[in-house]
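One-letter residues, chain by chain:
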Amino acid sequence: MARPLGETALAIVVGLLVGAVIMLLWNYDPLKAYIALFRGAFGGVDQWASTLSMATPLILTGLTFLIGVKAGLFNIGAEGQVYLGTAGAVAASLFSLPPGVHLLVALLFSMIIGALWSLPAAILKATRGVHEVISTIMLNWIAVWLTRYLVNFPLVDAQRAEKTITVAPTSRFPVLVPGTELTLAIALSVVAAVVVYYFLWHTSLGYQFRAVGLNPEASRYAGISQLRIIILALVMGGMTAGLAGATQVVGRPPTWALYGTLANIINLGFNGLAVAMIGRTHPIGSIFAAIFFGGLYTGARQMQIPPPPSTLPYAEQLAEVVSGGRGAGVSIELIGAIQGVIVLAVAVPGALDLIRKYLRRRRGK
Amino acid sequence: MEAVSAVRMKGIVKIYPDGTEALRGVDFDLTKGEIHGLLGENGAGKTTLAKILSGLLPLTAGEIYLNGRGLRFSGPWEALKEGIGMVYQHFALVRPLTAIQNILLGQEGGRVLSRLDVKDAEKQVVEIMEQSGLKVPLDAAVELLPIGVQQRVEILKLLYRRANILILDEPTSALTPVEVDALFEMLRQFKKEGKTVVFITHKLREVMDITDKITVLRKGKVAGVLPTAEATPEKLAELMVGTKSLPTASRSEKPFGEAVLSVEKLQVRNDIGGMAAKDLSFQVRSGEILGIAGVEGNGQTELLQALAGLRKIESGKVAINGKDIAGLGPRELFKMGLAFVPEDRRRLGLVLDFSVAENGILGMEDDKKYLGRLRQLLWTKIFQYTRRLIERFGILTPSVTTPAKYLSGGNQQRLVVGRELNKEPSLLLVAQPTRGLDVAATHFIRDLLIKMRDQGKAILLVSADLDEVMQLSDTMAVIYQGGFMKVAPAKELDRRTIGLMMGGVMPT
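These protein sequence lines map, in sequence, to chains H and C.
With my numbering applied, the first sequence covers 2 to 366.
With my numbering applied, the second sequence covers 15 to 522.
Hints listed in this document are in silico derivations from the structure and should not be mistaken for laboratory results.
Please note that a few of the clues may not be correct.
Unchecked claim - Footprint (simulated), chain H over chain C, 3 or more residues, beta carbon under 8 Å:
id, stretch
1, 317-331
2, 339-345
3, 362-373
4, 382-396
As the list claims (entries may be wrong) - Which chain H residues stay away from chain C? Per the calculated CB distances, all over 12 Å, these:
id, residue
5, Phe75
6, Ile113
7, Pro179
Unchecked claim - Not the full set, but computed from the structure, chain C residues with beta-carbon under 10 Å of chain H:
id, residue
8, Pro269
9, Phe270
10, Glu272
11, Phe348
12, Leu376
13, Gly377
Where a beta carbon is used, it is the ideal one built from N, C-alpha and C, also for glycine.
Make a model of the complete structure from these sequences and hints.
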């Protein structure tokens, strides 16, 4: 346990340093920028709320990828499953139900649709040996256009054609911090991560997932059906991805709807890959990785705020940044680059785990 | 014509990093223009010696002389520069590339292969094909070619690189009889052209057919060198397996019980569709060890897989305790009383990254004994069971949660064997149970098998180690190319006859 944590800490430092070098090259002050970033991400209740709400779907899509990895799959179908899962959760608002029950039905819809969308990849892999990377990428694209159709026709808001109908209040998660995007959906994500952890290490089916992932040949000799594990792993991944989509409409104010451009759910699935790698493909690690990820994006707003006047003494300038009144004035495009660098660096140890595992499996053959 | 020495290898010693002594002072002389057979059982050191000659493996001690010059290769490319090339048993071809691309691979001369170079090179290859009579469709993807043609691509690769000493490792193992004839024709042609061939095999008939001279290796040493004209299959078999007879381990003399495993006319296919097991019929009775002797790759793996529910039974009937097993998977067979110690503990018997305890329940992880009401694994119970396993089978491990990869080979094997025996099976399939183990672990495992036999279990043992089969078996079968040469009480067979049959020759 100590080694993965140490490696990840080192990777964070490296990522921050590289980001700092980039900022220096463009004449920004990295110290102010990072203070602003931290202040914006974790500086108060509202900031924490924002960060956690960003983390909510990422924990779930991180689980999608890591369940696959544990069973020896490279499942990148989360993106498309998120789209359709979101549409499914919106569809639950086409009829009315009592509060609570309605929410459960919405979540169920998203899970079922996510699972269904994983089935073609599962069946192709199990029967024809089609690699899941290929099939899930293709399914992702089909999902994009299918969801756009759903948003623009069956689920469209008659008054505002750029988005779907607003989900029924009976199907919404309660807001935890008024005025922020944080709802009880975060609890769903955390519980899901704990359940996945328990499943993988404390149930016989989870044991079979890991056995197939680590040594498919020995698993076959032990009588574990690889077909069954492949299908189940992809379907379970589809379910968590579908849920991730649901949290973006029934668990995120103020929109409570899906935009026709899919702008409020785009990339959640792919970012899940990074989250899983940062969390070293451990479900509990994914919780922290998603919060890190969420903080990185929430804090970015603060980095853009203009810096304190350079006429002030440096210590006072820093004090103003710490207080939150000022930022570092970093341009939004550069922030994107810095975020990318940090995420890449932090994902490296996890990515190496995967590469090592892959090589070991290859060598085993 | 005067015999000119091509290669002399003197006092070659090879110790692998894991401590295995593959070669213990081998001398090998190769005369120019001869076909030299290198004969021996599995593990005798044939392939290791060849890989040293072809530069793939560094040697631990010894010297290599080429035309009188002392040499030491740091890689196959250096051996190739001296004209020595090897065709490995498992081809080194890039399967989706075409034959010509494979032949030219690595010969691009440091720059990107331009179209002109290819045309030029292709012309050369066509010339070589015409000269040598090796015909290959150059533009076909290698994976679409039959094995025999793939082999020709490998040989062409060496000829294109101007190799004049060709080493062929078990070149006939995957070939059909017609392809074997064609290969031999080719080798004779090479000889006429003055090329030297090293022909590695365990098949007595082939070595008698094609070679001029034979070096026999046994357990990392030279057991004999003789001209083929003076050799007989009997003599070669004796050199290959030795003559000393081992005392059979002490055992109870109870008569055998009922047939636990009965196999009738079993046919099983291998991965590429050929028949791996042909018309096998036998029984294993309670209290009996049936040992199958044979060189690896003669159908043993496929036979065991079929019996363990891992491979389709093409035709014939297999019954365990009287019940037909057709269509049943490994789990169902375990429940019928079967246990299986597969041939490769690291690849097939264990999940190396799993802990000792996790490996201890592999195959039993859905057994109610270890599950709670939510089908959750009761780790306390599993740890208790693992500790009993550790104690009963003397497994040395720091803890039950240590990953199996950190255990020594002997302890890994104890873990596999212990797990399987703990299933209290009535039938035990065991493959290569002591491969790579030290003396203590070997003894432990062999004693255990005898004990299980005395307790009335039926045991089917497959081993490439002839000593092991002879020492443990009540009944012996010799398998060659998927069929049994003979099944007889172990007492009635001697090493020489077995050695002959392993090489495919029926003693008269």
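Here is what the structure says about each hint:
Check result for the stretch 317-331 of chain C against chain H: holds, 3 residues qualifying (beta carbon to beta carbon below 8 Å, three or more required). Under a criterion of three residues with beta carbons nearer than 8 Å to beta carbons of chain H, the stated coverage of the stretch 339-345 of chain C is upheld, 3 such residues being counted. With 8 residues bearing a CB less than 8 Å from a CB of chain H, the stretch 362-373 of chain C meets the requirement of three and the coverage assertion stands. Residues of the stretch 382-396 of chain C lying with their CB closer than 8 Å to a CB of chain H number 7, which satisfies the three-residue condition for coverage.
With a least beta-carbon separation of about 18 Å from chain C, phenylalanine 75(H) lies farther than 12 Å from that chain, consistent with its non-interface assignment. For isoleucine 113(H), the shortest C-beta to C-beta distance to chain C comes to about 23 Å, beyond the 12 Å cut-off, and the non-interface label holds. With a minimum CB-CB distance of about 38 Å to chain C, proline 179(H) clears the 12 Å threshold, and the non-interface call stands. Annotation: proline 269(C) was flagged as interfacial toward chain H, and the flag is violated, the nearest CB pair being 33 Å apart, outside 10 Å.
Given the 10 Å rule on beta carbons, the hint for phenylalanine 270(C) is violated: about 28 Å separates it from the nearest Cβ of chain H. Using the Cβ-Cβ criterion of 10 Å, the hint placing glutamate 272(C) at the interface with chain H is not satisfied: the shortest such distance is roughly 26 Å. Given hint, phenylalanine 348(C) at the interface with chain H, holds; its Cβ is 7 Å from that chain's nearest Cβ, closer than 10 Å. For leucine 376(C), the shortest C-beta to C-beta distance to chain H is roughly 5 Å, which falls under 10 Å, so the interface hint holds.
A least Cβ separation of about 4 Å between glycine 377(C) and chain H falls short of the 10 Å threshold, and the interface hint therefore holds.
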